[in-house]
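Student: Residue strings, one per chain:
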Amino acid sequence: MEIVRSPRQVAAAGAGGLPIYKTAPQLEVRLEEFELFAIDRLRVLKGISDGLSRGKRPEEMEKLASELWKTHMRHQDPAETLNKDIISHFVLRLVYCRTEELRKWFLSMETTLFRYRFRLESLESQRMLMTEFQLPYKALPHSEFEAVKDKLSQVARSIGQSTNVEHVFFKVPFEEVPDLVASRRVFLSKGYAYVAMSQLVSLVVTQFRCNISKALALTNRKWTAIIKEQEKDRLTPPKDAVDISLKDIDQLAKSSFPLCMRHMLDKLRENHHLKHGGRMQFGLFLKGAGLKFEDALAFWRVEFSQKIGPERFDKEYAYTIRHNYGKEGKRTDYTPYSCQKIISATPGVGDHHGCPFRHFGEENLRAALNKMGVGGHALEEIMDKVKNRHYQVLYFIAIGLTKQYDIPELTGLCGIMKYTASLHINL
Amino acid sequence: MEIDDQKQQQLEAPAAVPEGFNTDYLRVYYGKLFPYGDFFKWLCYGNDGKHPGCDQSYVGRREFSFTLENDIYLRFQSFDSAAELESSIKEKCPFKIDIGPVYSVDPSKRHAYAQSGNNVFVPVERELIFDIDISDYDDVRYCCSGADVCSDCWPLMTIAIKILDTSLRDDFGFSHILWVYSGRRGVHCWVCDSRARKLSNEQRAAIADYFRVYKGGENALKKISLAGPVLHPFLARSYMDVLKTFFEDRLLLSQQLFSSEERCQKILDLIPDENVASEVHDKWQGNRRSSISKEDVNVTRWEQLKTTLQSGKHKAQGLRRCVEEIVFSYTYPRLDMEVSKHMNHLLKAPFCIHPKTGRVCVPIDPSNCDDFDPAAVPTLSQLLGELNATGFQTDSENNLERTSLGKSISFFRTSFLHPLLKACKEELESAYNAKLQQSKNSLNWVTVTVKHSNGWRQDLGHFMQVRCSADTDWAAWNPDQVLPHLAYCARTLNKKFALAHSMRSLTG
Numbered sequence: 001m002e003i004v005r006s007p008r009q010v011a012a013a014g015a016g017g018l019p020i021y022k023t024a025p026q027l028e029v030r031l032e033e034f035e036l037f038a039i040d041r042l043r044v045l046k047g048i049s050d051g052l053s054r055g056k057r058p059e060e061m062e063k064l065a066s067e068l069w070k071t072h073m074r075h076q077d078p079a080e081t082l083n084k085d086i087i088s089h090f091v092l093r094l095v096y097c098r099t100e101e102l103r104k105w106f107l108s109m110e111t112t113l114f115r116y117r118f119r120l121e122s123l124e125s126q127r128m129l130m131t132e133f134q135l136p137y138k139a140l141p142h143s144e145f146e147a148v149k150d151k152l153s154q155v156a157r158s159i160g161q162s163t164n165v166e167h168v169f170f171k172v173p174f175e176e177v178p179d180l181v182a183s184r185r186v187f188l189s190k191g192y193a194y195v196a197m198s199q200l201v202s203l204v205v206t207q208f209r210c211n212i213s214k215a216l217a218l219t220n221r222k223w224t225a226i227i228k229e230q231e232k233d234r235l236t237p238p239k240d241a242v243d244i245s246l247k248d249i250d251q252l253a254k255s256s257f258p259l260c261m262r263h264m265l266d267k268l269r270e271n272h273h274l275k276h277g278g279r280m281q282f283g284l285f286l287k288g289a290g291l292k293f294e295d296a297l298a299f300w301r302v303e304f305s306q307k308i309g310p311e312r313f314d315k316e317y318a319y320t321i322r323h324n325y326g327k328e329g330k331r332t333d334y335t336p337y338s339c340q341k342i343i344s345a346t347p348g349v350g351d352h353h354g355c356p357f358r359h360f361g362e363e364n365l366r367a368a369l370n371k372m373g374v375g376g377h378a379l380e381e382i383m384d385k386v387k388n389r390h391y392q393v394l395y396f397i398a399i400g401l402t403k404q405y406d407i408p409e410l411t412g413l414c415g416i417m418k419y420t421a422s423l424h425i426n427l
Numbered sequence: 001m002e003i004d005d006q007k008q009q010q011l012e013a014p015a016a017v018p019e020g021f022n023t024d025y026l027r028v029y030y031g032k033l034f035p036y037g038d039f040f041k042w043l044c045y046g047n048d049g050k051h052p053g054c055d056q057s058y059v060g061r062r063e064f065s066f067t068l069e070n071d072i073y074l075r076f077q078s079f080d081s082a083a084e085l086e087s088s089i090k091e092k093c094p095f096k097i098d099i100g101p102v103y104s105v106d107p108s109k110r111h112a113y114a115q116s117g118n119n120v121f122v123p124v125e126r127e128l129i130f131d132i133d134i135s136d137y138d139d140v141r142y143c144c145s146g147a148d149v150c151s152d153c154w155p156l157m158t159i160a161i162k163i164l165d166t167s168l169r170d171d172f173g174f175s176h177i178l179w180v181y182s183g184r185r186g187v188h189c190w191v192c193d194s195r196a197r198k199l200s201n202e203q204r205a206a207i208a209d210y211f212r213v214y215k216g217g218e219n220a221l222k223k224i225s226l227a228g229p230v231l232h233p234f235l236a237r238s239y240m241d242v243l244k245t246f247f248e249d250r251l252l253l254s255q256q257l258f259s260s261e262e263r264c265q266k267i268l269d270l271i272p273d274e275n276v277a278s279e280v281h282d283k284w285q286g287n288r289r290s291s292i293s294k295e296d297v298n299v300t301r302w303e304q305l306k307t308t309l310q311s312g313k314h315k316a317q318g319l320r321r322c323v324e325e326i327v328f329s330y331t332y333p334r335l336d337m338e339v340s341k342h343m344n345h346l347l348k349a350p351f352c353i354h355p356k357t358g359r360v361c362v363p364i365d366p367s368n369c370d371d372f373d374p375a376a377v378p379t380l381s382q383l384l385g386e387l388n389a390t391g392f393q394t395d396s397e398n399n400l401e402r403t404s405l406g407k408s409i410s411f412f413r414t415s416f417l418h419p420l421l422k423a424c425k426e427e428l429e430s431a432y433n434a435k436l437q438q439s440k441n442s443l444n445w446v447t448v449t450v451k452h453s454n455g456w457r458q459d460l461g462h463f464m465q466v467r468c469s470a471d472t473d474w475a476a477w478n479p480d481q482v483l484p485h486l487a488y489c490a491r492t493l494n495k496k497f498a499l500a501h502s503m504r505s506l507t508g
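These protein sequence lines map, in sequence, to chains G and F.
Going by full-length UniProt numbering, 73 is the number at position 73 of the first sequence; the sequence numbering is gapless.
Going by full-length UniProt numbering, 74 is the number at position 74 of the second sequence; the sequence numbering is gapless.
Chain G on its own, in the form it takes in the complex (with noise of 0.2 Å):
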């Protein structure tokens, strides 16, 4: 792409009513538009990406994002939006192929966005995107259909849908539709699953996803070789935080940690043991606030001793808190989950990880609410805002309603060790 003032040319469109970013388009853009249709798109994607973070359903997703689009990408003239829409993406990917953390964000973002709209394309709109694709799947059939036929019904009805509706599936190997296999709703028999036409939507992100994913890498490679020495000072993050040392654990608990941090916290100094996810949430958590390795080795010894004794404790835990400081193994700097990652976690039997709001049953987490200082009416608010899921916002609110600070729009843990750092330089 060139930078250039001068008048556009129009890009060509894709065979559907969607760009599938395949090649850098021979455009030229003006400077201006260069960061403003980049921003009005990241507009779009950070939208995406709270209403994940809040577990919004899918009908509601999709809803979100046809407004998001509309609101900030589209243009009068169908061409100019299809402009618009290649451009910053190209942009934003050039901006967002620096780090594994980066692209791994931009990715799913992208995908999601991709799905929903796919999702509200006409059919035949879908089939011509499916070509472009390569998606070399045969329909089943009609004596294979009718072998199947009862089973298929069954799937659909497990998911709430009314049978009889799909009379087109696909055999698909059961590799290349992993989502859909997770959450258990298509037949699998002898390797394949058996894929509905609506379900397609999936194998086509799928695709989507592998070919940004690839894209995405590449240009990183090309970025640094050519780029990076010139960007360097521009680009490199700010440096915040305020490291936090092992006396003020207990009294920083009590005022600045999440609710499910709090928890581990309580549980840890109760049982002088915490499983493994545990050790992780947390122990990463106290990383990124940062607690120093020396202290932190120190924190869990001290805990760890008094149930299971110095020795074991230096045998059989030291070595993962040195594995997450990069002093073992492959020696990554591992930084401290996100809400998101914390949400979706799966704890089991005996585990106090996870994030409160969604994985503590209603009893549990009125208590622990409560234990926090929270009563009363604003506490129905909050269980209220559980059914609907709105885990995230749900902590600052309870903190907001025992501290009476300002609550910063914050998303992720970024937010929470800004803004934990923020009371311990005010303590």
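Source of the hints: derived by calculation from the structure; they are not laboratory data.
C-beta atoms are modelled at their ideal positions from N, C-alpha and C, and glycine is treated no differently.
Take these hints with a grain of salt, some might be off.
[Claimed, not checked] Simulated restraints on C-beta separations:
| # | chain 1 | residue 1 | chain 2 | residue 2 | range |
| --- | --- | --- | --- | --- | --- |
| 1 | F | His342 | G | Ala139 | 31 to 37 Å |
| 2 | F | Leu253 | G | Ser66 | 53 to 59 Å |
| 3 | G | Glu144 | F | Glu262 | 50 to 56 Å |
| 4 | G | His323 | F | Asp80 | 26 to 32 Å |
| 5 | F | His342 | G | Glu80 | 44 to 50 Å |
[Said to hold, decoys possible] Here are the simulated SDA-like cross-link-like pairs (lysine to any residue), alpha carbons at most 25 Å apart as the crow flies:
| # | chain 1 | residue 1 | chain 2 | residue 2 |
| --- | --- | --- | --- | --- |
| 6 | F | Lys215 | G | Met383 |
| 7 | G | Lys315 | F | Gly20 |
| 8 | F | Lys422 | F | Tyr142 |
| 9 | G | Lys275 | F | Tyr142 |
| 10 | G | Lys190 | F | Cys369 |
| 11 | F | Lys244 | G | Asp150 |
| 12 | F | Lys198 | G | Ser183 |
With the hints as your guide, set chain F onto chain G.
Tutor: Positioned in the frame of chain G, the structure of chain F alone reads:
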């Protein structure tokens, strides 16, 4: 006569070895009984043959880890031959052996590849594995808890095997499945089909999620939720074929699920509607007044609960599948999701010995898993005693046969290893033939790549340019044109270089 009788007794008494687990015992086990050959053959997946399609580097890229006495932990061990594996195990005498994935490069050389920045050291193949541990059922078993197992709760493992094994074969189409006793309180599953080994982390997670029904941490109350008017065919089949009968005919009684106020309350907690729950509770209270033998109370109460929940008037959402939810809560398999999701997760090797129980991690026959009794699994000391009884021999085959381990090894070979290797051989051959066919179609064209060992680079006129550090394909040239130029290069410039041929199809 007396003396003769005594002598007779001496000969017949088994040379019993005291129970225990220690290096001396292990040394004998590793020296005489551990099946190195079969073990290695398994993990080679046919690549140890002479066929040109075999990948000689394959088995050397597999990670093993040893846990030694004193909890010394050795990761990233790798071996190129059964002999190497055998001598390392005999020398180090590990208390535990774990098997990891096959990596892109030899794990012991992974640091050499770390410089390039890109992630070159990655897992490329790994069996699909499952780990089921009975301590994950502690909230629904009353006979034991923690590390203990008894004949009342072990059947939970048996039905887990039945359900998963059936689904892995019928739904996913896998056939080379090895079930192994973990040595104390659980079972492991190794799915070894080539298709399974090549699954990505995402696909593994999808399969684990397909099997997952139980969703709950310590603080969630109701952990199984079967939404929808009917069950998915997989769950329906599991329920009708296995879970229902097991729950009603065995578990109700062996766990005495309704025999106390507390236990009854636990079940009532699973009913989402309070009114219905108290209706059931009242019915049960009615029982107490009439005299029924203790044995019947569980059955009776269950029948009453079912009648109440399935009666016409309770069509409310959330109650439809309540009966099934209760059965699933108490019986459906609970997997350790993390074990299955990631390719780099290590898992204990079959035929290890469990340090706390001394029992061998023997294979379990899924088609006869009802007959499996963990208490009857041979222990280390038992095996040593059996060896003592008939004297040591140098032939390991003979040793195996004369001990209880022989049966397990024999089963491992006939039911698992031989069919697997046969399939691997066929796959290797057909893959190789396909590749050969492809290159045959591009006969006259040869692409030559040249690597210089010292980073030297030179233009050889307008025909080709030599690249040094990467083997890059150039345009295809007629071989008659290429070779003279390379010969010139070698003669006049007197530099060392390596020639690599690669065939490239013009049609590709």
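Student: Report the numbers of all earlier hints that the structure fails to satisfy, in ascending order.
Tutor: Violated hint: only 8; rest satisfied.
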